[in-house]
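Chains as they are written, first to last, in my numbering: chain W, 1 to 352; chain V, 1 to 71.
The set of hints was computed from the structure by calculation and includes no laboratory data. Hints may contain errors.
What the hints assert, rightly or not - Below, simulated EDC-like cross-link-like pairs (lysine to aspartate or glutamate); rule was C-alpha separation at most 16 Å, straight line:
1) W/Lys348 / W/Asp32
2) W/Lys14 / V/Glu70
3) V/Lys26 / W/Asp113
4) W/Lys11 / V/Asp40
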Amino acid sequence: METDTGRIREKIEKISRGKDIAIMHLCGTHEDTVSKYNLRSLLPENIRLIAGPGCPVCIIPDTDLQKVFHLIESRDIILATFGDMARVPFQDRSLFYYRSRGKDVRIVYSVFDAVEIASKTERDVVFFGIGFETTMPSIAVAIRDSPENFYVYSAHRYFIPAIEAIIKGDMRIDAFINPGHVSTIVGVKAYERYEKYRIPMAIAGFEPQDVMLAIYILLKALKDGKSGIFNEYTRAVRYEGNVLAQKVIDDVFESSDGEWRGFGIIPETGVKIKDEFQEKDAEKAFEDVFSDFQPVEDKRKKHCRCGEVLKGLITPEECSLYMKACTPRNPVGPCMVSFEGTCSIWAKYGIM
Amino acid sequence: MCLAIPAEVVELEWPFATVNMKGARKRVRVDLIENINVGDYVLVHVGIAIQKVSKKEVEEIESLWRQILEE
Ligand code: SF4
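Use the sequences and the hints to build the structure in full.
Structure (structure tokens):
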């Protein structure tokens, strides 16, 4: 394996010689592989491997977080969510803070654990749902098959339409490594809408070999002047994707404008629960609570550059708070909280 | 968040299955997988199987890797 890595490195160097190339990956789990195995050190200097906005916890704007805080302040509910989300701070508060203040906040491994909690209580259970197309099918299944006292606050985002905003954004990207498990659901076909931009894309798995292969495939495409969608992760990604999963997403959700940290509003990325299931939609079921809601700014995040990290404009160490005022134990922004956040991944592997 | 782990189906009880995930047994939902059988490998993401993966394909990365190195 080690000699193989050496050989692929030589091939990468040879095929890209003399050209400055920016490759962006779109998945926090890819950043974990890249940082864990120090893959950037295997690339020649003319190739930049940039982390994009592939962290569903990080891209959730403070507005959603504040709304959920507002809900648990106003109502005696059980609030269930994933562990990462519960640690994201807003004005020195997080869902864990509320739990320490006696609010009923439950950390669950999956949405089905929250459904089970609801089936054993009379109280209202609200699931604070986050995630991209990978996670949305599970939430949709839960919305269709859960007791009356179970609700979802949907802070999900469609990832595929967000790629448009990245392509048209502030930065020139020569090629993309597409997210493996989002692709498992949406399939290779979902990226065909981007063929007109003639930027090569490679769907990759999460072993270091997968990422290096994807990079090589992209460099070769660039050299041959080819674009297209390459599927390196054939063991989990089919052309059609998972059709049943796509169907349950379409049955339960519809798209709207979605706000992203760093990017602002990106059309088609918001994930609304359809009217047919509105009794499950926490924003509708607790409408009166949100009627007086006013978002405010978090002063503590004034110097947090998580938005720029998500856009690939800077790397974590360019933020003056990185590993000083902002550490995994005392995070300022969500990029330092989530295990898919670039700041937290760099901190974990000691990258300075 | 988008992490998914391969696991082997050891018991089926539609729409649930018990899977063996790196030695740990877990009950997950499998209603998004067509034609699922005991012995199949699936990718599990937050409590639900999102795709079948065949063992043969796990070996594919090796052959793709070889092929590129030999090009
Ligand atoms: S290091 Fe902390 S403060 Fe700086 S960008 Fe990352 S999350 Fe924000």
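Outcome of the hint check:
1. Among the hinted pairs, W/Lys348 with W/Asp32 is consistent with the structure: their alpha-carbon atoms are about 9 Å apart, no more than 16 Å.
2. Between W/Lys14 and V/Glu70 the alpha-carbon distance is near 15 Å, which keeps this suggested pair within the 16 Å criterion.
3. For the given pair, V/Lys26 sits about 13 Å from W/Asp113 by alpha-carbon distance, which is consistent with the 16 Å threshold.
4. Of the supplied pair hints, the one linking W/Lys11 and V/Asp40 is violated, its CA atoms being roughly 37 Å apart against a limit of 16 Å.
Hint check: a violation occurs at hint 4 only; the rest are consistent with the structure.
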